[in-house]
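Position chain F against the provided structure of chain E, taking the given hints into account.
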Amino acid sequence: RKEVEQDPGPFNVPEGATVAFNCTYSNSASQSFFWYRQDCRKEPKLLMSVYSSGNEDGRFTAQLNRASQYISLLIRDSKLSDSATYLCVVNQAGTALIFGKGTTLSVSS
Amino acid sequence: GAGVSQSPSNKVTEKGKDVELRCDPISGHTALYWYRQSLGQGLEFLIYFQGNSAPDKSGLPSDRFSAERTGGSVSTLTIQRTQQEDSAVYLCASSKPPGQVGGGANVLTFGAGSRLTVL
Numbered sequence: 001r002k003e004v005e006q007d008p009g010p011f012n013v014p015e016g017a018t019v020a021f022n023c024t025y026s027n028s029a030s031q032s033f034f035w036y037r038q039d040c041r042k043e044p045k046l047l048m049s050v051y052s053s054g055n056e057d058g059r060f061t062a063q064l065n066r067a068s069q070y071i072s073l074l075i076r077d078s079k080l081s082d083s084a085t086y087l088c089v090v091n092q093a094g095t096a097l098i099f100g101k102g103t104t105l106s107v108s109s
Numbered sequence: 110g111a112g113v114s115q116s117p118s119n120k121v122t123e124k125g126k127d128v129e130l131r132c133d134p135i136s137g138h139t140a141l142y143w144y145r146q147s148l149g150q151g152l153e154f155l156i157y158f159q160g161n162s163a164p165d166k167s168g169l170p171s172d173r174f175s176a177e178r179t180g181g182s183v184s185t186l187t188i189q190r191t192q193q194e195d196s197a198v199y200l201c202a203s204s205k206p207p208g209q210v211g212g213g214a215n216v217l218t219f220g221a222g223s224r225l226t227v228l
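One line per chain: the protein sequences are E and F, in this order. Position one of the first sequence corresponds to residue 1 (the working numbering), numbered consecutively onward. Position one of the second sequence corresponds to residue 110 (the working numbering), numbered consecutively onward.
A couple of the hints might just be wrong.
Stated by the list, open to error - Here are the in silico distance ranges between beta carbons for each label pair:
(1) F:Val121 / E:Ser68: 44 to 50 Å
(2) E:Arg66 / F:Gly160: 26 to 32 Å
(3) F:Pro206 / E:Pro10: 36 to 42 Å
Unchecked claim - In silico BS3-like pairs for lysine-lysine, Cα to Cα no more than 30 Å straight-line:
(4) F:Lys166 / E:Lys2
(5) E:Lys2 / F:Lys205
(6) E:Lys2 / E:Lys45
(7) E:Lys42 / E:Lys79
(8) F:Lys166 / E:Lys101
(9) F:Lys126 / E:Lys42
(10) F:Lys124 / E:Lys42
(11) F:Lys205 / E:Lys42
(12) F:Lys120 / E:Lys45
(13) F:Lys166 / E:Lys42
(14) E:Lys79 / E:Lys101
(15) F:Lys166 / F:Lys124
(16) E:Lys101 / E:Lys42
(17) F:Lys205 / E:Lys45
(18) F:Lys124 / E:Lys101
(19) F:Lys166 / E:Lys45
(20) F:Lys120 / E:Lys101
(21) F:Lys205 / E:Lys101
(22) E:Lys42 / F:Lys120
What the hints contain is simulated information worked out from the structure, not anything from laboratory work. All residues carry an ideal CB built from backbone N, CA and C; glycine is no exception.
Chain E with its partners taken away, still in its complex shape (with noise of 0.2 Å):
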């Protein structure tokens, strides 16, 4: 079994829509959760953290379930800039940062 999994996609959704991933970790030690995105030949960057209560910056949401070990992430409103690969990383204290192999998220207006 794969450390974090996720379904790798493509998404193909219209500007406007709205757009849900999953994510699910397979060790229950994990203490750390993020999001990051990452264009196209670009290197990954930080979308945002995820905490136990959940959290929101504008049109993203974010959400952990440790009962059933899984991550998401919401994207309201998309935008063509929205476009790119998103991916879930965890870790537990002391250990290095396990990536997802990525979602993939296409916007077309």
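Showing chain F alone in chain E's frame:
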């Protein structure tokens, strides 16, 4: 520096040659990570440094791969006797130490990567 700097940005080498990739992390970032990403694939963890020590080197694919970090700053990743399957983008990232004001202990800032092509 202002960001994570990696060099070379591109390296083309012949099978069997050795290569060295360099990473200069953000000043004050004690944690440093190496990942690699093959075309169309996810990030594969290679090794993680905290200061000059490597608590987790479990991702190094073979004994042809080694990495070191000196002075708690610059790190070099060395690949000996390169093979075609080593072709990938090698990404370095650094993060703040835990407990620092403003948090961010596990938030990674990546360099632009070193694209390695083994012919």
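Status of each hint after checking the structure:
In this structure the supplied range 44 to 50 Å holds for Val121 (chain F) paired with Ser68 (chain E), their Cβ-Cβ distance being about 46 Å. Distance hint check: the CB atoms of Arg66 (chain E) and Gly160 (chain F) are about 31 Å apart, consistent with the given range 26 to 32 Å. Distance hint for Pro206 (chain F) and Pro10 (chain E): a CB-CB separation of about 38 Å, consistent with the stated range 36 to 42 Å. Among the hinted pairs, Lys166 (chain F) with Lys2 (chain E) is consistent with the structure: their alpha-carbon atoms are about 18 Å apart, no more than 30 Å.
A distance of roughly 27 Å separates the Cα atoms of Lys2 (chain E) and Lys205 (chain F); the hinted pair therefore holds under the 30 Å criterion. For the hint pairing Lys2 (chain E) with Lys45 (chain E), the CA-to-CA distance comes to about 23 Å; that is within 30 Å, so the pair holds. For the suggested pair Lys42 (chain E) and Lys79 (chain E), the alpha carbons sit about 19 Å apart, so the restraint of at most 30 Å is met. With a C-alpha separation of about 20 Å, the suggested pairing of Lys166 (chain F) with Lys101 (chain E) holds against the 30 Å cut-off.
Of the supplied pair hints, the one linking Lys126 (chain F) and Lys42 (chain E) holds, its CA atoms being roughly 27 Å apart against a limit of 30 Å. Note on Lys124 (chain F) and Lys42 (chain E): the hinted pairing holds, with a Cα-Cα distance of about 26 Å set against a maximum of 30 Å. Between Lys205 (chain F) and Lys42 (chain E) the CA atoms are separated by roughly 22 Å; this keeps the pair inside 30 Å, and the hint holds. For the hint linking Lys120 (chain F) to Lys45 (chain E), the alpha-carbon distance of about 23 Å falls within 30 Å, and the restraint holds.
With a CA separation close to 25 Å, the supplied pair Lys166 (chain F) and Lys42 (chain E) stays within the 30 Å bound. Distance hint between Lys79 (chain E) and Lys101 (chain E) is fulfilled; the C-alpha atoms sit about 23 Å from each other, no more than 30 Å. Between the alpha carbons of Lys166 (chain F) and Lys124 (chain F) the distance comes to roughly 24 Å, so the proposed pair stays at or under 30 Å and holds. Proximity of Lys101 (chain E) to Lys42 (chain E) is assessed by CA-CA distance (about 15 Å); at most 30 Å being required, the pair is judged to hold.
For the given pair, Lys205 (chain F) sits about 15 Å from Lys45 (chain E) by alpha-carbon distance, which is consistent with the 30 Å threshold. Restraint check: the Cα-Cα separation between Lys124 (chain F) and Lys101 (chain E) comes to about 28 Å, which is no more than 30 Å; the hinted pair holds. For the hint pairing Lys166 (chain F) with Lys45 (chain E), the CA-to-CA distance comes to about 23 Å; that is within 30 Å, so the pair holds. Between Lys120 (chain F) and Lys101 (chain E) the CA atoms are separated by roughly 25 Å; this keeps the pair inside 30 Å, and the hint holds.
For the given pair, Lys205 (chain F) sits about 24 Å from Lys101 (chain E) by alpha-carbon distance, which is consistent with the 30 Å threshold. Between the alpha carbons of Lys42 (chain E) and Lys120 (chain F) the distance comes to roughly 17 Å, so the proposed pair stays at or under 30 Å and holds.
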